[in-house]
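Chains as they are written, first to last, in the numbering used here: chain C, 6 to 278; chain R, 618 to 844.
In case anyone wonders, no lab produced these hints; they're calculated from the structure. Note that CB positions come from ideal geometry on N, CA and C, so glycine has one too. There may be inaccurate statements among the hints.
[Claimed, not checked] List of simulated lysine-lysine pairs, DSS-like, C-alpha gap at most 25 Å:
| id | chain 1 | residue 1 | chain 2 | residue 2 |
| --- | --- | --- | --- | --- |
| 1 | R | K813 | C | K44 |
| 2 | R | K750 | C | K27 |
| 3 | C | K89 | C | K100 |
| 4 | R | K786 | C | K62 |
[What the hints assert, rightly or not] Which stretches of chain R does chain C cover? Using the computed rule of at least three CB atoms under 8 Å from a CB of chain C, they are:
| id | stretch |
| --- | --- |
| 5 | 625-635 |
| 6 | 822-834 |
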Amino acid sequence: MSGRGRYRGNSCHGKTLSSVAKETATSLPEDSPVLQMFKIAAHKLNDRQDRHERLVKLSRDVTIESKRIIFLLHSAITKTSAEKSIHEAKERLQKLIQGPLKGIGLELENSPAHLHSRAVTPGFQEFIEARMFCSFMENKLLITWPEVQKELEYKEEDRTVITMVPQLDYMLGLADLTGELMRKAINSISSGDSEECFDSCQAVRDLYTGYLGIFGTGKELARKLSTTRNNVFKVESAVYALRVRGGEAPPTLLLAAKPDWERNDHSDDEGFF
Amino acid sequence: MSSNHIINTIFGEFQKNLDQEQEIREVIRNICKDVDQISRETTTVLQVIHHDETAIPAACLKARELFEKANVGYNKLKEVVPSGDYYKYQDHWRYMTQRYCYLISLTIWLEKGLLATHETVAAILGISAEEQKEGFHLDIEEYLVGLLHLCTELARLAVNSVTHGDYNKPQQISKFVMELNAGFRLLNLKNDHLRKRFDALKYDVKKIEEVVYDLSIRGLLPKTENA
Chain C
6 MSGRGRYRGN SCHGKTLSSV AKETATSLPE DSPVLQMFKI AAHKLNDRQD
56 RHERLVKLSR DVTIESKRII FLLHSAITKT SAEKSIHEAK ERLQKLIQGP
106 LKGIGLELEN SPAHLHSRAV TPGFQEFIEA RMFCSFMENK LLITWPEVQK
156 ELEYKEEDRT VITMVPQLDY MLGLADLTGE LMRKAINSIS SGDSEECFDS
206 CQAVRDLYTG YLGIFGTGKE LARKLSTTRN NVFKVESAVY ALRVRGGEAP
256 PTLLLAAKPD WERNDHSDDE GFF
Chain R
618 MSSNHIINTI FGEFQKNLDQ EQEIREVIRN ICKDVDQISR ETTTVLQVIH
668 HDETAIPAAC LKARELFEKA NVGYNKLKEV VPSGDYYKYQ DHWRYMTQRY
718 CYLISLTIWL EKGLLATHET VAAILGISAE EQKEGFHLDI EEYLVGLLHL
768 CTELARLAVN SVTHGDYNKP QQISKFVMEL NAGFRLLNLK NDHLRKRFDA
818 LKYDVKKIEE VVYDLSIRGL LPKTENA
């Protein structure tokens with residue numbers, strides 16, 4: 006419309022560029038079929054955008070609460086306090102499943118899958134990370150994708166609602182888990198629990214081995230893989246330090262070597278945000 | 618060792634699904650290559666409108682024939698794409714579909730001077746116009762982008778039709794594009810590709826306005842239209 010309103014000074018016929026444009030514009034019928042069609046299109050697009058916004062919000066709620074649950078699980082030091090925090094974490098995870106995650110499922114119930122995947126993937130990944138970390142703390146076991154999927158099925162009066170977590174999101178969340186396991190390994194050195202540390206280290210290793218065997222994935226997973234590799238290096242050198250110097254020094258002394266990892270700790274292991 | 622077993626299952630399943638996905642993508646790619654080829658051919662056929670007015674009806678007929686072929690191709694796609702995964706593989710046919718929306722709406726405009734609706738375009742391609750939970754359909758955004766392409770092509774046609782002495786067409790185009798422009802302003806566009814494409818519409822509108830202006834100050838517009 007930039008042609009409109011530009012006065013050319015050539016008005017021998019009383020016509021300017023803008024008056025020509027205006028004539029055409031005013032001759033349009035108010036409610037032509039074309040405009041009618043665009044109104045319908047506008048409605049469809051608005052619908053889509055609104056749903057997207059709502060999903061982004063829900064996904065952010067899931068992300069925040071999941072991060073807090075992970076933090077809660079880290080904060081436990083003794084065995085008994087660990088049990089207590091696992092119990093609380095499980096309750097809070099359940100609340101997440103019944104709350105925002107169910108909301109996502111309901112929101113997506115009648116819309117095509119993957120259309121809004123960009124809106125929900127951060128929340129899903131973080132939830133998977135928290136859910137896995139909790140179950141690992143509890144019994145050293147991971148849960149498979151179908152099992153997670155089963156937890157996200159909801160019985161409504163007349164139908165079943167499922168919050169579909171794409172397998173890729175599951176795998177991305179699992180990759181993030183290595184970061185948490187690394188932290189846990191290092192934390193357990195400081196609390197003198199070397200058994201715990203070796204277990205976590207082995208789990209990180211196993212996961213990394215698994216990812217190495219996967220081929221044909223997209224960019225996201227490739228990016229996470231380099232973070233995972235760093236996690237493996239960090240945790241392995243920590244375990245090495247524990248082995249070599251563990252016999253000669255009390256656990257607290259070993260921590261002197263820690264700030265080294267601790268400093269890069271925050272830089273890249275939360276690869277997502 | 619049971620945890621190791623679980624990890625093996627997790628990764629094994631994932632790899633299996635990845636492989637399956639790759640296979641589907643390969644099939645989709647092959648179909649899209651053929652269908653895309655037809656769209657290029659149609660584009661070439663329709664270029665004749667810019668220099669030979671008498672050839673327009675024949676070009677439209679030819680285009681219609683090619684749309685029939687595209688319809689067959691889309692039917693194949695419909696079969697191959699798993700229901701529910703439309704948006705997962707959308708990138709494979711996105712640009713191609715936009716081009717078809719443009720080509721079909723151009724053909725219909727040349728034939729009847731009317732706007733092809735979302736439903737019409739979808740029907741010619743043999744797919745649904747409704748956004749469904751499952752199944753293949755014509756995405757509304759793709760259709761709208763196609764209309765924007767149409768406006769650019771019509772702006773060019775306005776210029777060229779004057780060149781070979783048709784002073785009637787620019788006015789017809791001007792009315793049509795103005796109406797579309799008014800329509801697009803009703804949409805709440807996000808900062809996405811559709812929005813960017815829409816921002817370019819004003820240049821097409823300007824080009825057409827200038828043509829109509831040039832004709833009007835020289836008194837070249839048909840009298841009946843002027844009154």
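How the hints compare with the structure:
Between K813 (chain R) and K44 (chain C) the CA atoms are separated by roughly 20 Å; this keeps the pair inside 25 Å, and the hint holds. Note on K750 (chain R) and K27 (chain C): the hinted pairing is violated, with a Cα-Cα distance of about 43 Å set against a maximum of 25 Å. With a CA separation close to 17 Å, the supplied pair K89 (chain C) and K100 (chain C) stays within the 25 Å bound. Of the pairs offered as hints, the one joining K786 (chain R) and K62 (chain C) is violated, with about 50 Å between alpha carbons and a cut-off of 25 Å exceeded.
Closer than 8 Å: that is the beta-carbon criterion, and the stretch 625-635 of chain R has 9 residues meeting it against chain C, so the requirement of 3 holds. Counting residues of the stretch 822-834 of chain R whose beta carbon lies closer than 8 Å to any beta carbon of chain C gives 8, which reaches the threshold of three, so the coverage claim holds.
Checked against the numbered hints given earlier, the structure breaks hints 2 and 4 and satisfies all the rest.
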